[in-house]
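Novice: Sequence:
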Amino acid sequence: MPRQQVYLMADSSVIKTNKPFFIPHFASSFLASSAIVLHIDRLGKHIASRFAHRYCHSIAPAVKLTATGTEGALGQSFDGALLLGDSIPVDSNLDINQASVEAQVGEHMLPSLSLSEMAIDYRTVISELSVYFTLKMGDMIVVELADCSNPLQQGWTINALLNGRQQLTVRVK
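So the sequence shown is numbered by the numbering used here: it starts at 1 and just counts up by one.
FYI, nobody ran anything at the bench for these hints, they're computed from the structure.
Among the hints, a few may not be true.
Claimed, not checked - Derived Cβ-Cβ restraints for the label pairs, each shown as a range:
id : residue 1 : residue 2 : range
1  : A27       : S92       : 42 to 48 Å
2  : H25       : D121      : 36 to 42 Å
3  : T157      : F51       : 35 to 41 Å
4  : H25       : T169      : 20 to 26 Å
5  : K16       : D95       : 21 to 27 Å
6  : R171      : H57       : 28 to 34 Å
7  : G155      : P89       : 33 to 39 Å
Please read these numbers as outputs of a predicted model, since none were measured by experiment.
C-beta: ideal position from N, C-alpha, C; glycine also.
Using the sequences and the hints given, assemble the complete structure.
Specialist: What follows is the structure, encoded as structure tokens:
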């Protein structure tokens with residue numbers, strides 16, 4: 001698995017669909033990138049990769065915001081840093097690794113990507129994180145899907161789709 005960074009995010013970092021994002025004044029600009037969110041619905045520690053599928057029964061598209069010029073977690077985990085779309089349940093027809101997320105930021109489309117295109121397996125992500133953290137019901141694992149990002153501007157609308165279905169709409173104010 002490619003080396004990933006993990007950021008701890010407070011509940012206030014999450015904005016759900018149809019709620020506005022107000023651009024904070026602590027940074028000069030913000031970048032948006034597409035992400036997929038794995039919703040954890042079971043308690044687990046040191047989860048073997050072969051059992052990790054038992055811990056995630058829904059996923060959601062997201063847009064992760066980064067404050068430019070701000071160090072580390074402060075630029076990644078501020079209030080409103082994760083724009084979270086509606087989740088969809090995982091069933092036998094949905095392979096989490098193949099689920100594609102694409103985002104539109106203003107008039108700019110971010111590339112449609114999936115975990116498999118990035119050579120990441122969600123079971124490995126869950127397994128590796130469970131070595132360091134006890135995963136609990138309600139936890140969300142955010143996997144940023146690309147280094148592709150787009151600057152935000154006031155007045156824009158952000159949309160995200162999961163497998164072609166719109167699951168997120170947020171206005172930037």
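Novice: Indicate, hint by hint, whether the structure satisfies it.
Specialist: Hints and how they fare:
1. Separated by about 43 Å at the C-beta atoms, A27 and S92 satisfy the suggested range of 42 to 48 Å.
2. In this structure, H25 and D121 meet the distance hint of 36 to 42 Å, their C-beta atoms being roughly 40 Å apart.
3. Remark: the range hint 35 to 41 Å for T157 to F51 is upheld by a beta-carbon distance near 40 Å.
4. Restraint check, H25 to T169: a C-beta distance of roughly 24 Å satisfies the suggested window 20 to 26 Å.
5. One distance hint, 21 to 27 Å for the beta-carbon pair K16 and D95, holds here, with the actual separation near 25 Å.
6. Evaluation of the 28 to 34 Å hint for R171 and H57 yields a pass: the beta carbon distance comes to about 30 Å.
7. Distance hint for G155 and P89: a CB-CB separation of about 34 Å, consistent with the stated range 33 to 39 Å.
Figure legend: structure checked against the earlier numbered hints; every hint is met.
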